[in-house]
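Novice: Sequence:
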Amino acid sequence: MLYSSSNRRGRVVSGRGRGNAQQTVTDEEFVCELEDGSDLPIDATSEQLTELRELLNNGILISGESSVDVEGVPAVGDDANEQEAGKQTPTRPSRVGRGRVRLPAGRIVVNNNPRKRRSHNETRRLSYYEGKKPVLVVKVIDVDGRAVSDTADTISDKVFGTNGDTANMATQFESCSFKKLQITAKHSSKIEKQLSAPGVLEVDIPISLYNTQSDIRDAIRTAVEEKLEFQLPGPFHHVMYVIENCYQGCGWAVYRGINYKYPAVQLHEIGHNLNLAHSGGLNGETYTDHTCLMGNPLFSDTQGSMCFNAAKNYQIAVAEHSWYTDEPEHITSWDSGDKGGTSWSGRLIGVAEYDTNPNKLPIVLKLETGTDRDYFVGFNRAIGPNKDNKQADDEVTVIEAGNGFNYAQSFLRATLGQGDTSSHSKWRGTKLDLVVKVTEINTSVTPGYADITITFGAPLVPTTPQPSHAPTPPLPTQKPTTRAPVTSPPSMRPTTPRPITSSPSKRPTTFAPTRRPTSAPSPAPVRSSNSASSIIEYLLPNRKSPGTTKGIMFTIKAKNKDVTITGFDIASKRDVKSNVKVYTRTGDYEGNEKNASGWKKVFSSTQNLTTKNLSKLDMDAKQVTISAGETQSFYIYCKKGMLFARGDYKKLGNVFADDGVIEVSEGRASKRPFNNYKDYGQMMGVIRIGMHNTQSDGENSNNYNVIWEQQNEPDPKISATNHLTTHNSAELPDLPHNTIHTTNTTMKLHVMPPSANSHGCIAIVKHLKLDDKVEIVNAYGKTRTPEFLAMNPCHTAPTLELDGDAGAIWESSAIMRYLCLNNEGGEELYPSDPVLRAKIDMVMDWRQTSVYPCLPDIAYVIFGMSCSDEGAKKGFAKLIDEHFKILTDVYLKDTQFCYSDKPTIADLAVAPALTFIKARAKFWEKVPEAVKEYHARVLEAFPGTAENFKMLDDMCVGYDGEGADLEP
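Residue numbers for the sequence shown follow UniProt numbering, so the first one is 1 and each next one is one higher.
A few of these clues could be false.
[What the hints assert, rightly or not] Result set (DSSO-like, lysine-lysine): computed pairs, CA atoms no more than 30 angstroms apart in a straight line: (1) K782 to K577; (2) K950 to K926; (3) K902 to K873; (4) K640 to K577; (5) K885 to K839; (6) K640 to K782; (7) K186 to K132.
[Stated by the list, open to error] Simulated restraints on C-beta separations: (8) T166 to M842: 46 to 54 angstroms; (9) P235 to P928: 57 to 65 angstroms; (10) E229 to M842: 46 to 54 angstroms.
Since the hints were derived computationally from the structure, they do not count as laboratory data. Each residue gets a CB set at the ideal place from its N, CA and C atoms; glycine is no exception.
All chains should be built: construct the whole structure from the sequences, respecting the hints.
Specialist: Put into C-alpha cells, the structure is as follows:
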C-alpha cells in the first residue's frame with residue numbers, strides 16, 4: 001500500500017489535467033489520496049511515471065482504487081507480516097514535508113486487493129458515474145492582485161449555471177448522463193458565510209503566480225483550509241483552482257484565465273477522474289478524435305453539448321454505478337471467430353437518444369479481437385446532448401481501444417456515412433479482412449438509427465472507387481435519376497447579381513482556355529419540361545493567385561429553371577490521397593456555418609488528388625435539385641486541402657458567377673470541419689448541373705457545356721473580363737485540366753501592435769519587403785476566439801499562419817528565423833556562418849529567458865494592468881546589475897550590434913523590448929548611455945520600420961498614468 005509518513009493508507013488517483021491552454025492535457029498527473037480523503041502530488045522518477053502510465057492504460061492500475069508500493073528494502077508497518085519469507089519486500093512511499101509524497105527508486109508494485117478498497121461512504125469515489133458530486137471552485141488572488149476578472153457570481157454561473165447559464169459543466173454532465181451524475185455546488189458543510197457565491201470561494205495567497213506550481217498549490221491549499229477550517233477535500237469530490245495565468249510550466253493551464261468557462265474542457269478533466277483516457281483521431285495523435293470530449297474538440301463558453309465516443313460509452317455502460325446499467329441491451333458484442341465466413345447485421349442508435357429507445361436498440365457494438373485491443377462501433381447522432389459534436393455528425397464511427405473495462409487510450413479508425421465501408425485487414429491474425437458497411441442511416445425518425453452489416457472473410461469491398469481523370473464524355477439526354485426536389489424557404493437575404501470586372505493578377509493562375517465555337521448553337525426543342533436535362537459544367541474563375549483551404553462554403557441559386565447539382569470537381573496544390581466530403585442544406589447558410597447538425601452529407605470518398613487533374617466528386621444518387629428561384633448552400637471539405645480563390649469584398653453573398661441559369665456566391669473558407677473560418681472565398685473548380693428544360697415541342701435535346709473562362713484579352717463584345725460562353729458538346733475539345741499552376745499565397749502574421757515580441761516580426765516583414773507575401777493582422781482581442789485557438793492553442797501573438805496544411809508558427813524568435821530562412825535578403829539578418837548564427841540564437845534566447853522576465857511589472861502598466869511597484873524595482877535592478885552589463889561588455893564588446901557590425905535579428909529581438917522601459921521615465925534616466933546608444937542604432941538601422949518604432953516610443957514616452965514617476 002502507499003503510505004504517508006504518518007502511516008495513513010493511500011491510493012493513487014490519476015487524471016488531473018496538465019497541459020497548455022487549449023491542448024488541454026499532455027500527461028496524466030498522479031496524486032496520492034490518503035484515508036482521510038486528502039490528496040498529495042507524487043514525486044517520482046521519469047521512469048516510474050512512464051511505468052505508472054503504462055499500468056494505467058493497460059488496466060492494471062485503477063485510478064481511485066489501486067495502491068502502490070515500490071520494490072526495494074523491507075517495508076515496515078502493519079502489513080509487514082503479509083510478505084512471504086525469503087522474498088524481497090516492497091518499500092512504502094514517504095511523505096516529503098507537507099506538500100507531496102515521494103516514491104523511492106525502484107519498480108512499481110500495484111495492489112488491487114479488494115479487501116482494502118474503501119467503501120463509497122468512507123471517502124470520495126471519483127470514478128463513480130452516478131450520484132451527486134459536490135465541487136468547490138477556488139478563485140485565487142495572488143500577492144500582487146493577479147486574479148481572473150470575473151466575479152464569484154459569474155464563476156458560479158459558468159460552472160454550475162446558478163444564474164441561468166445554459167452551457168456549463170453541471171448541465172452537460174446531467175445531459176450526457178441522463179441525470180445520473182450531478183455536479184453540484186451544494187455540500188454538507190456549513191460554510192456559506194465563507195463563500196463568495198454558490199460553490200465559489202475566494203482566497204488570497206501570500207506569493208506570486210510567478211512561483212513554481214508546487215509552491216502555488218501549497219499556498220492555495222493552506223489558504224483554503226485556513227478559511228474553511230477543515231482539511232481538503234472535505235465534503236467535496238472535486239476542488240477546482242481558478243488562477244489568472246500560469247507562468248512556470250503551465251501545468252494548470254486548464255484552470256487559468258477563461259478556461260474554467262469552457263464546459264467541454266472541464267468535462268474532459270473530470271472525465272479523467274471517471275477513468276476515461278484520451279481519444280486519438282484518424283491521424284494517430286493523442287487527442288484529435290473530435291467525436292469525443294476526451295479528444296479536446298470544443299473550446300467555447302457557449303457550446304458544450306457533446307458527450308463521448310463509442311469506446312468510452314461502452315466503458316461507462318459496463319462500469320459500476322453506470323449511466324446505462326438499467327438497460328444491459330444497450331451494449332452488445334460480437335466475436336467473429338478466426339475461421340472467416342461469419343457476419344453480423346443490426347441497428348444502432350446514438351447515445352444522445354438513449355432515453356427515447358423503446359425497442360432497446362444498442363448504442364455500442366463491441367468487436368472482439370481476441371487481444372487486449374478491441375473495436376467499438378457506434379452511431380454518432382448529433383442531437384440533444386451531442387448537438388455540438390464537431391466531427392462525423394450522424395455517421396457511424398469505428399473506435400479502437402482497450403477491452404472496454406479500464407482506462408485506455410482510444411483511436412478513431414473510421415467515420416462512415418450511408419453506403420460507406422471500412423476494411424480492417426488481417427483480422428484476428430488471419431489473412432482475412434473484416435468489413436464494416438453502413439447500409440442505411442435514417443435521422444428523420446426518433447430515435448435515428450444506422451443499419452450496419454459486418455462481414456469477416458468476405459471479398460474486400462473498396463471503401464471508395466478510384467476517381468477517373470478522363471474527360472467527361474457526352475452524357476445521355478434521358479431523364480436523370482428521379483429524386484424529390486430539394487426545396488427551400490426564401491433566402492435569408494437576397495443576393496444581387498454583380499458583374500465581375502476584377503482585373504487579372506500579375507501572375508494569374510489559369511486553366512487552359514477552351515476553343516470558342518464559330519457560331520452559337522441552336523438549342524433543339526424537347527418533349528416536356530422534365531423529359532430531358534442539359535448537362536452544364538461551370539469551370540469557376542481563378543481571378544488571382546489561389547489560396548489553399550480545407551473547407552469552402554458557398555451558395556448556388558437556380559434562377560429561372562429547376563437545376564440538379566450532379567457533382568463538383570476540385571483542384572489540388574499537391575499530389576496526395578485525401579478524404580473529401582460534400583454537405584448541403586436548403587437556403588442560405590448564414591448563421592449555420594458552425595452548426596453541422598443542420599447539414600446533409602451527399603458525398604464522401606477518399607480521392608487521389610493531383611496537381612495535374614481536377615478530382616471529380618460525382619454525387620450519383622445523392623444529387624441535389626434546386627427549384628427555380630431558390631438557393632441551396634454547399635460545403636466541400638477536403639481534409640488535405642484544395643485550391644480556392646480569395647474573395648474580393650470581405651463579406652458574404654457576393655455573386656461572382658451568373659449566366660442567367662445559376663448564381664454562385666462568394667462564401668467562407670475554413671481550416672477545420674465547420675470551424676476555424678479564416679477567409680472569404682470562391683469555390684474553385686467545376687460545378688456540374690443538370691438543367692430541366694421548359695420547352696415542350698420536339699423529341700431530342702443537345703447537350704451543352706458552359707465553361708467559365710478567364711480571358712487574357714477582353715472580348716470586345718463582352719463587357720466583363722471573365723465571362724460564360726456556351727459550347728455545343730460536339731465541338732468541345734478535351735478539357736485540358738492539366739495546366740493548373742500555383743504561386744505562394746499570402747501568409748498571415750497575427751500581431752499585437754504594441755507588443756515588443758510582435759514588433760520584431762513586423763520589422764522583418766517590412767525590412768525584407770514581404771508585404772506581398774505576409775499580411776499583418778491585428779490580433780488584439782481575438783487570441784481567445786475558437787478560430788484562433790484552433791490555430792494556436794497557446795493563444796499568443798505573434799503567430800504566423802502558414803499556407804495549406806503547414807499550420808502555424810508562434811514564438812517570436814521562431815517566426816523571425818523562419819522569415820529570414822525562407823526569403824531573399826534574410827541571410828543578411830540571420831547569417832549562415834554557424835558560429836555567428838549560434839551566437840545570434842544565444843542572444844535571442846537570453847532576451848526571452850533573462851531580459852523579458854524583468855519587464856512585465858515595468859511595462860505592462862501602460863496597458864492598464866495591475867503591476868507591482870516592488871516588482872518593477874526588482875526587475876529594473878536585475879537589468880542594471882546584470883543584464884545590461886552582459887549586453888554592453890559581452891555582446892557589444894567589439895561590435896556595433898550584437899556580435900556583428902551589421903544588425904541581425906538578435907538586435908530586432910532586444911531593442912524593441914528596451915523601449916518599454918521608457919514608460920517609467922525615471923527608470924529610463926538610469927539606463928546606461930551605452931545601452932541607449934545601442935537602442936538608437938537599431939532603430940536607425942531599420943528605416944522601413946520607423947513608423948512602428950515611433951508608435952512604441954510615443955506610447956511609452958507619453959505614458960503619464962499610475963506609476964509613471966516611480967523611482968527605481
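Novice: Are the hints correct? Go through all of them and say.
Specialist: Each hint, compared with the structure:
About 34 angstroms separates the Cα atoms of K782 and K577, which puts this hinted pair outside 30 angstroms; it is violated. Using a Cα cut-off of 30 angstroms, the hinted pair K950 and K926 holds, with the two alpha carbons roughly 21 angstroms apart. As the CA atoms of K902 and K873 are separated by approximately 33 angstroms, the hinted pair breaks the 30 angstroms bound. For the hint linking K640 to K577, the alpha-carbon distance of about 8 angstroms falls within 30 angstroms, and the restraint holds.
Straight-line distance between C-alpha atoms of K885 and K839 comes to about 17 angstroms, which keeps the hinted pair within the 30 angstroms bound. Using a Cα cut-off of 30 angstroms, the hinted pair K640 and K782 holds, with the two alpha carbons roughly 26 angstroms apart. With a C-alpha separation of about 9 angstroms, the suggested pairing of K186 with K132 holds against the 30 angstroms cut-off. In this structure the hint that T166 and M842 lie 46 to 54 angstroms apart at CB holds, the actual value being about 52 angstroms.
Taking 57 to 65 angstroms as the suggested C-beta distance range, the pair P235 and P928 conforms, at roughly 59 angstroms. Separated by about 52 angstroms at the C-beta atoms, E229 and M842 satisfy the suggested range of 46 to 54 angstroms.
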